[in-house]
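Could you put together the complete structure from these sequences and hints?
Read top to bottom, the protein sequences are chains A and B.
Read left to right, the first sequence gives residues 1 to 564 (the numbering used here).
Read left to right, the second sequence gives residues 1 to 85 (the numbering used here).
If you're looking for bench data, these hints aren't it; they were derived computationally from the structure.
Since this is a predicted model, take the numbers as computed values, not measurements.
A portion of the hints provided could be inaccurate.
Derived, one-sided and incomplete: chain B residues facing chain A with beta-carbon distance under 8 Å [unchecked claim]:
| # | residue |
| --- | --- |
| 1 | Y16 |
| 2 | G22 |
| 3 | A25 |
| 4 | P49 |
| 5 | A50 |
| 6 | R71 |
| 7 | G73 |
Glycine included, every Cβ here is placed at the ideal spot set by N, Cα and C.
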Amino acid sequence: MTVSPLLAALVCLGAYVVAYRFYARFLADRVFALDPTRPTPAVRHRDDVDYVPANRYVLFGHQYASITGLSPMLGPAIAVIWGWLPAMLWVVLGAVFIGAVHDFGALVVSIRARGMSLGKVTENLVGRRGKTLFHLVIFFLIALAMGVFVHVIAVLFSPDFYPEAVLPSGVLIGVALAMGVAVHRSGWGIRGLTLVGLAAALALAFLGIRYPVVGPSLAQWKWLLLGYAFAASVLPVWLLLQPRDYINSLLLYVGVGAMYLGFAATNPSFAAPAIDVAPAGAPPIVPFVFVVIACGAASGFHALVSSGTSAKQLATEGDARFVGYGAMVGESLLGLMAVLACTAGFVSREAWLERYESWQAADGLGNNIAAFVRGTTHFLETLGIPEAIGGTFVAVIVVSFALTSLDSATRLLRYNVSEMGDTLGVAALGNRYVASAVAIAAIWVFAFIQVDGEFAGLILWQLFGTTNQLLAGLALLAITLYLLRRGKPLVYTAAPMGFMLASTLTVMGTNLVGFWTAGQWLLLATGATVFTLAVWLVAEAALAVARFRRNPVLDGLEVVFRKE
Amino acid sequence: MKSRLERARELLGEFYAAPYRGAVARARRDEDDLFMLFVFAEMMGVPNPAAYYTLELQPLLIERFHEWHTRMGLEHSPLDHFRCC
Numbered sequence: 001m002t003v004s005p006l007l008a009a010l011v012c013l014g015a016y017v018v019a020y021r022f023y024a025r026f027l028a029d030r031v032f033a034l035d036p037t038r039p040t041p042a043v044r045h046r047d048d049v050d051y052v053p054a055n056r057y058v059l060f061g062h063q064y065a066s067i068t069g070l071s072p073m074l075g076p077a078i079a080v081i082w083g084w085l086p087a088m089l090w091v092v093l094g095a096v097f098i099g100a101v102h103d104f105g106a107l108v109v110s111i112r113a114r115g116m117s118l119g120k121v122t123e124n125l126v127g128r129r130g131k132t133l134f135h136l137v138i139f140f141l142i143a144l145a146m147g148v149f150v151h152v153i154a155v156l157f158s159p160d161f162y163p164e165a166v167l168p169s170g171v172l173i174g175v176a177l178a179m180g181v182a183v184h185r186s187g188w189g190i191r192g193l194t195l196v197g198l199a200a201a202l203a204l205a206f207l208g209i210r211y212p213v214v215g216p217s218l219a220q221w222k223w224l225l226l227g228y229a230f231a232a233s234v235l236p237v238w239l240l241l242q243p244r245d246y247i248n249s250l251l252l253y254v255g256v257g258a259m260y261l262g263f264a265a266t267n268p269s270f271a272a273p274a275i276d277v278a279p280a281g282a283p284p285i286v287p288f289v290f291v292v293i294a295c296g297a298a299s300g301f302h303a304l305v306s307s308g309t310s311a312k313q314l315a316t317e318g319d320a321r322f323v324g325y326g327a328m329v330g331e332s333l334l335g336l337m338a339v340l341a342c343t344a345g346f347v348s349r350e351a352w353l354e355r356y357e358s359w360q361a362a363d364g365l366g367n368n369i370a371a372f373v374r375g376t377t378h379f380l381e382t383l384g385i386p387e388a389i390g391g392t393f394v395a396v397i398v399v400s401f402a403l404t405s406l407d408s409a410t411r412l413l414r415y416n417v418s419e420m421g422d423t424l425g426v427a428a429l430g431n432r433y434v435a436s437a438v439a440i441a442a443i444w445v446f447a448f449i450q451v452d453g454e455f456a457g458l459i460l461w462q463l464f465g466t467t468n469q470l471l472a473g474l475a476l477l478a479i480t481l482y483l484l485r486r487g488k489p490l491v492y493t494a495a496p497m498g499f500m501l502a503s504t505l506t507v508m509g510t511n512l513v514g515f516w517t518a519g520q521w522l523l524l525a526t527g528a529t530v531f532t533l534a535v536w537l538v539a540e541a542a543l544a545v546a547r548f549r550r551n552p553v554l555d556g557l558e559v560v561f562r563k564e
Numbered sequence: 001m002k003s004r005l006e007r008a009r010e011l012l013g014e015f016y017a018a019p020y021r022g023a024v025a026r027a028r029r030d031e032d033d034l035f036m037l038f039v040f041a042e043m044m045g046v047p048n049p050a051a052y053y054t055l056e057l058q059p060l061l062i063e064r065f066h067e068w069h070t071r072m073g074l075e076h077s078p079l080d081h082f083r084c085c
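Written as structure tokens, this is what we have:
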């Protein structure tokens, strides 16, 4: 029996709609007890700086653009080696029952705690040790992910892949800088700039094809990218981050829209098998598929966006479902597109097998992301976009996602380093240049790490995946404890938490044995640290539950801060 | 039609500004804080070659003085001969 990808995609879309309409509504009413008439922090603490009630569509757009990066494309592009079905099931079911619940819950708990960030909420609910745990997890999460991103961008820029994308990506940074100055210093209107920015991004693809940049080696690209990340982390946000984020979000919407249109117009058939339980050299499908696809199904990183930024701008509690749950469904759509592109975007089974021959063939990660680019380019071709243009355009989108993640995440890592310096009493880490240098050094370690002379791509990717799930577990713990204190049903957040922790621990355990036998000491140390953090989290959860059981159920929905 | 375009532009502008409003405002405030320090430097015993000129600015900044010194972590005015609160 052959299943049409279009039909499969339609079933998935149906599942998203049903989940959003019914499951998310159920969570909103019964579990989180959302009440549109309760004033949110944006209303109660309005200061027109941090706390500003924002339009729900604006907020959704921002939440969606911030949580969506390279990861929802890369994860599925690796995981389809097990066939399209497991990847698709996990992307949809994981998002609906775990990822979106997690994002939604983090947002709700944050608005009930005066819009505080997850770190603060965790400190309050789990205790001071919880905060330390939180900081350490984030440190590893960002350093690992950015190490991988630096590598992936460098590979994409290399002559074998998309040297056409170099010039457009570079010029886009320049366009962003100019836009930042124009808006901030000269007060230019946003409409003209939007048109100019979008037109530039599209026109640049032609320029890139005309002038591909070949020259720097892989290592030199990595150094350049680290330099860029350092600059982005110390420059004022209005100059680089703000306009870049903006252009990038627009590209995201245009890109995803065009890919789905092209997919529907192409109406392809699957080149990949539905399921291949044991491809050559691959680890067991369960639980590895859950860790390889982190973003796109469930990701702890989203809690950082949900809590803090979005929570301070939510105009009514009723919007939380749309912004929290809805944006995650949106990200999952991109994950689904990645699954479709990497399984149905190939012309034949042979072409697919060539790329997904064995687990090791995927190790450079470049092949995987190239599979995504090629698949989506194939879809765009049906819309009349020539292959060369389409390919460069998608490659530029992919690179600019990775670059925006790199610049904003390096800044986050810098803040994280400063806060840890504060806890440890190292004043020098408060300096933004010192903190940025430490952040870059951490990324550098993972960007250059090698196993047997090859970049440790897949291993790092799994370490990132586990750390990301671990953070999701931590956020779900905070949400569950919040619900426990208020006598609400726990299973909807506790079960995902258990699932995340179980898959994280199994994968890490398996990996640690591998590192030990292979004598990979740096990876072993990193993996052991993450594993210890996971065990620590489980212990912390058990302690907190035992402690909370003794306390009476609270009446109010607000989180009461201890010092008050 | 026209009002709809207007609305779209408003939303776009909001989409541009909203995520970074806080960070930009804080950066601006940090710059202002440094400026306050220049203006009141001489009074705290820090020699400032431009003191003669910054003196003129003091009356203009006096409204923000209280907010500034409390933000710097000082409950009362740090200046002996300059009462605030």
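Checklist entry - For this structure, which hints from the list above don't hold up? => result 4, 5, 6 and 7
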